[in-house]
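Chemist: Taken in order, these protein sequences are the chains called A and B. Going by full-length UniProt numbering, the residue at position 30 of the first sequence is 30; the numbering climbs one at a time, nothing skipped. Going by full-length UniProt numbering, the residue at position 258 of the second sequence is 258; the numbering climbs one at a time, nothing skipped.
Treat the hints as calculated values from the structure; they're not laboratory data. You may find that some hints are simply not true.
Any copy will do: because identical chains look the same in the list, a pair fits if it lies in one copy or spans two.
Derived DSS-like pairs (lysine-lysine); straight-line CA-CA distance at most 30 Å [stated by the list, open to error]:
{"#": "1", "residue 1": "K334", "residue 2": "K4"}
{"#": "2", "residue 1": "K40", "residue 2": "K4"}
{"#": "3", "residue 1": "K107", "residue 2": "K4"}
{"#": "4", "residue 1": "K40", "residue 2": "K107"}
{"#": "5", "residue 1": "K107", "residue 2": "K334"}
{"#": "6", "residue 1": "K334", "residue 2": "K129"}
{"#": "7", "residue 1": "K107", "residue 2": "K71"}
{"#": "8", "residue 1": "K334", "residue 2": "K71"}
{"#": "9", "residue 1": "K40", "residue 2": "K129"}
One letter stands for each residue in the lines below.
There are 2 protein chains.
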Amino acid sequence: MSTKQDEELAQERLIDLAAEFYDQFDSGDIPAMEIPTRTKTNIVFDEDSEVWVYGDRTSTRSANSVRGARKLLKAAYTIEFLVDQLEEDRSSTLRELYYLSESWDNKEAQFSDQDESNQLVEDLEIVSKVTREDFHMRPEESGATLMGPLELREQTRRGERAIHCQEDVGEGGYQIPNNPDTIDFLDHDIDFVLCVETGGMRDRLIENGFDDMYNCLIVHLKGQPARATRRITKRLHDELSVPVVVFTDGDPWSYRIYGSVAYGSIKSAHLSEYLATPEARFIGIQPTDIVEYELPTDPLADSDVNALESELEDPRFQSEYWTEQIELQLDIEKKAEQQSLASRGLDFVTETYLPERLDDMGVI
Amino acid sequence: MSTKQDEELAQERLIDLAAEFYDQFDSGDIPAMEIPTRTKTNIVFDEDSEVWVYGDRTSTRSANSVRGARKLLKAAYTIEFLVDQLEEDRSSTLRELYYLSESWDNKEAQFSDQDESNQLVEDLEIVSKVTREDFHMRPEESGATLMGPLELREQTRRGERAIHCQEDVGEGGYQIPNNPDTIDFLDHDIDFVLCVETGGMRDRLIENGFDDMYNCLIVHLKGQPARATRRITKRLHDELSVPVVVFTDGDPWSYRIYGSVAYGSIKSAHLSEYLATPEARFIGIQPTDIVEYELPTDPLADSDVNALESELEDPRFQSEYWTEQIELQLDIEKKAEQQSLASRGLDFVTETYLPERLDDMGVI
């Protein structure tokens with residue numbers, strides 16, 4: 001739950017950062033900010049939390065150059081904006097922050113493009129150890145949904161809403177808010193969480209009543225999942241102690257979707273403990289499924305082959321399971337979509353494929 | 001409301017089509033299907049309904065070539081599938097139809113790619129005069145939402161749900177289902193409908209309480225709006241007799257978004273009367289706003305200039321208003337996003353820009 005305390009902590013941490021600049025000036029030092037190097041070679045597996053986090057290598061943003069000084073000036077202005085925003089209990093999007101900088105009195109502090117303001121907010125997350133959500137910075141949109149036997153309470157600006165994610169929603173399901181830490185789980189009858197990549201498959205599972213039949217909560221990932229979607233998945237796993245399985249297309253891009261749910265992403269490795277669900281397991285489409293169920297396939301494109309080869313090198317995919325699956329896929333040179341299961345009939349996925357896989361995995 | 005009657009009508013019309021092939025065979029004619037030519041040069045303004053519809057030019061799909069015969073064979077198989085689906089009260093996605101064809105006994109009837117099956121379903125809509133929704137064909141996903149003083153009842157597979165689109169939903173709003181004709185409007189306090197292109201702006205309006213303050217229903221278009229979003233917008237306008245305004249970025253692609261809400265699209269001109277809201281008006285961002293409010297801008301790219309020039313030629317944009325706006329934009333060579341209004345502060349859009357524009361337009 002995002003509480004008043006979280007917001008006060010965020011404010012404190014931000015002010016501490018600004019205070020640090022002040023102290024550096026005061027003691028005659030050149031102000032600087034140290035942050036972990038954010039590249040593939042600087043992520044390490046944390047044995048305790050079982051997620052990938054940044055390693056020991058760091059980069060320094062220092063005011064010893066005009067460019068560096070400008071970066072710290074922008075950081076100072078952004079800190080002031082965020083502290084005020086929290087004070088007033090407002091929020092804003094990353095894009096609004098970029099445009100808003102045009103209203104700042106010091107032209108040197110204005111952002112030249114949105115990449116710059118996005119990156120700065122990420123830097124501030126890392127050094128302050130507070131998440132963007134607690135700064136009240138919203139993403140552009142997420143739009144993912146839940147459907148299943150879960151009753152929750154969302155704290156909205158208009159008061160509390162108690163919502164059952166089957167009985168109180170339409171066929172579209174419950175829309176996950178930008179900051180899912182405003183949600184409390186009240187009651188549930190969930191045996192497992194099933195994260196689904198595509199809307200077409202999500203709708204198929206709902207139409208076939210799969211959530212009802214197997215007491216599962218269906219989380220629609222909508223392709224590469226937004227932070228809000230990954231966060232609520234992690235909370236469902238941790239707070240309700242239920243297994244999480246991820247159901248995607250059978251291609252390297254979809255394995256990355258699974259990876260971002262389970263292991264965290266390189267870009268947001270500072271948030272892995274907040275966003276990643278290392279216990280999440282991949283249900284399919286597996287390359288072995290393509291062979292076993294004789295699914296309709298497309299040939300691998302060159303970009304697919306490159307992505308698979310890059311995954312073989314990726315520390316997050318260094319397991320016997322993934323090595324076997326990826327090597328099989330490179331061997332058969334084929335990929336398949338989740339909806340290709342429809343070639344065996346519209347009920348095949350809910351009557352045969354998922355029950356068999358869930359049984360194999362010991363989930364049901 | 002999509003009713004049992006609509007579904008029976010859809011079945012009847014489909015069977016009529018198949019019967020026509022039968023009669024053609026029976027009387028010794030080569031089976032054929034005639035459909036309107038679907039190009040920019042064959043759309044005309046229908047004075048009665050005030051929307052753009054297909055003109056008189058038609059193309060014929062005839063079995064007098066192997067290619068044409070194969071197309072009609074595929075149509076026959078698809079008709080059978082759709083009739084069965086309606087019989088069983090099932091539904092499916094366009095993508096599932098494509099994959100499902102792999103299970104058909106006749107290899108010649110299987111689709112070679114999804115464009116082919118999509119196009120065939122559109123052809124069937126046109127000749128049968130029944131919408132895809134009444135065939136129970138779902139789109140891949142839409143995901144757009146409503147927020148505002150509206151109480152509705154959605155007929156779901158799990159029974160009826162009565163939902164108030166402010167009081168019974170979280171901050172994410174009410175998720176529009178794939179077929180919004182399953183919705184009845186029960187009660188409302190809406191003075192106007194405000195369709196919004198981007199998620200960031202939608203969230204800004206909700207956070208600032210704009211829907212509450214002005215009794216407006218906020219429809220999130222999510223970029224180019226899905227059919228479900230356009231359909232519900234039209235129904236809100238027609239059934240509740242409230243004005244509809246469309247709020248997008250200020251660039252040629254966004255004018256097309258407005259155009260698809262108001263005038264219908266070339267691709268789905270056979271559905272204009274079902275989907276288009278000709279009374280919908282464009283609120284902005286207008287090129288004149290860019291000048292008047294001195295908004296932060298980006299230069300027009302070559303593709304923007306081409307798109308603007310193509311709009312000057314487009315029959316749907318042949319009004320004094322659009323000619324002036326587009327020519328001004330070509331003149332200033334700039335475009336601006338909705339969120340650029342944040343350069344005047346986070347409340348500028350709700351306290352100044354929208355009230356001024358709505359007042360100018362006579363909506364408030």
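Chemist: Now, for every hint given, state plainly whether the structure supports it.
Modeler: Results of checking the hints against the structure:
no.: 1; hint: K334 - K4; in the structure: neither (51 Å within a copy, 43 Å between copies)
no.: 2; hint: K40 - K4; in the structure: neither (35 Å within a copy, 57 Å between copies)
no.: 3; hint: K107 - K4; in the structure: neither (34 Å within a copy, 64 Å between copies)
no.: 4; hint: K40 - K107; in the structure: neither (35 Å within a copy, 47 Å between copies)
no.: 5; hint: K107 - K334; in the structure: between (53 Å within a copy, 21 Å between copies)
no.: 6; hint: K334 - K129; in the structure: neither (42 Å within a copy, 40 Å between copies)
no.: 7; hint: K107 - K71; in the structure: within (13 Å within a copy, 63 Å between copies)
no.: 8; hint: K334 - K71; in the structure: between (47 Å within a copy, 28 Å between copies)
no.: 9; hint: K40 - K129; in the structure: within (20 Å within a copy, 55 Å between copies)
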